[in-house]
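Trainee: Numbering-wise, the UniProt record's numbering puts 100 at position 100 of the sequence shown, and it's gapless, one number per residue.
The set of hints was computed from the structure by calculation and includes no laboratory data. Beta carbons are placed, not taken as given, at the ideal position from N, Cα and C, and that holds for glycine. Hints are not guaranteed to be accurate.
Computed spacing ranges between beta-carbons, pair by pair [said to hold, decoys possible]:
1) VAL20 x ALA62: 41 to 51 Å
2) VAL245 x ALA62: 50 to 60 Å
3) ALA66 x GLY180: 32 to 42 Å
4) ASP481 x GLU326: 45 to 55 Å
5) GLU252 x SER487: 24 to 34 Å
6) SER445 x GLU315: 27 to 37 Å
7) GLU386 x PRO478: 38 to 48 Å
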Amino acid sequence: MEDSAGRHPKACLTCAKAKVRCSPEADGPCQRCRRLGKECGNQLPGAHRRPKKLGTSSSDVAILEAKLDRMVAMLAASERTARERVEADSTPRSYSAREESAASPGDTDSQLLMEVFMNRMLPLFPFVVISAHVTAEDLRRDKPFLYMNIAMIACPNAIRQREIADAMQEYVAEHIIIKGEQSLDLLQGLLVNVTWFTTVSRFPRGTAWCENNSDTTRFETDARHVMRNTAQVDNFVHLLVAQSVGLGLNQEPAYQKNLNYPLTYIRETMQGDIHNPIRTLEERRAYLGCYYMTTMLSACAKDLGTIIRFTKYTEDCCDVLEQAAEYPSDGYLVQLVRIMNLAEKIHNTLYRTELHLSSAPSPPLGLSIRWLEAELKQFKARMPCEEPYSTILSFHCNTLEIHLYRISLSPNQSDSHYGDYPLSRLDLLYRALEATSSFFRNIYSLPASSVPYFPFTIMSQFGKAVITLSQLSLYNHPGWDRSYVESTVNFNQIINTMGEKLKQNRPFFEQALKKESGPTELPEIFERMALRGCMIKQMHQKRKDTLEQTTFQAAMTPIDFNLMLDTPFDILFPFGEMPIYTRNV
């Protein structure tokens, strides 16, 4: 029964608190309260009734609308992110204020920098090709990191270069180290960065001079700028390789699925993805560029180990690019990669002895050299003749010959290692001299305007040839004529020629700087290379003087002819202030 207050609950107050069944009696307490002797009373009317809402307030409607708006925004952002991942190469889309200012085309003539890269630098390293219809603004929008590195290496103003270099370092830290991003943009940008590592000025201001057979260096360092050094070369090379491997560019997509078949099976079951992605020509060029650059640095500058090997997939990439011939430089690119395949064979056969695990005796050194020499001759016979590609390929072949024949300078090779094969140590020494002489003749036949833009891969070859020439000029071996070496190739003249070619370009850079507003400074390479050339000549002369004062009968400690070879980075491309060499030998 209901009254004005509402309906009375059936259960009494005591049973309701105990949450048990209540059996009320017509008169008196309920059965449970009677049995237990407890007080039995009725609950208040409407005890379990929820209060009724008479209407919906405007604030409730606003809250619901806000929730819907947030859900719509989240869905839109999710769809946009998914679409961008599918349509783009995961291009980084967040910029700091510093990155914006460093990469802004308004600060420098960005289109001019693009033309410098395409006309002066790309022919020397054809692994990052940009279509002619792509403008600087297009590249900055679609591939900001690649654009930043191109602007950095092509910029004629050292002050501006350092600003972009600082922003580039921050970009790497944020997008690769912190966010762990992987993209073709990052891979190509790192490839350009490492390839022209020696082109970028590293010191805020510098002065250098060389007088009276002595040299002095003064650098006013600035803590605001990140110093670029050899440790950064190692770091960037491995970041570069990590990007290539992370993107799967070092192998066929089908092979990647075979290696990850449990995850591949799950993904295909959920997404219905049964097709392999298509490897683009641009991706193949970038992968081959990684192989070429790391192999060249291992052979000429610093043994990086077998980071990227030449595999069947590498050869397949060469075949695809050669047949497609999307750009005229693709055939030349393939030749460079195949040259490095032979360099890898020479390096692993003659110099990386830790790879030879077999206890069986190794073949005579002369036999191994004959085999490698025959393969090199076959390659040279198939080399194209178009300029400037033929000249660049020619001194690459000279580098391989130097690498092949300079094993005769190694103190670890006794005469017994040559066996009965007709190649003697003296024969190899003369072949090394001939290859070194041809290298300088070919590289100096290039236009002087290309010298300031030489990539690290070419400068490391130049360093190896200079050191080999110094060793040949100072090599003390019965039957070896050091005076013949000097009459064939003049060591000082070789070093001076590089400085003269750089001087020829100085007016061009000075004229370019006049068009810029704000503070300007010539690229550091003009002073740095002159100083290093002076230091190399001084070291070579000291060793020569010591050798002339030494007789065969004198019991003296053997001269360490490998000192210059052991530190080509620090002698030719020092990345910190280098002390004057004063060691007495």
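Trainee: Hints the structure violates: just list their numbers, smallest first.
Mentor: Violated hint: only 5; rest satisfied.
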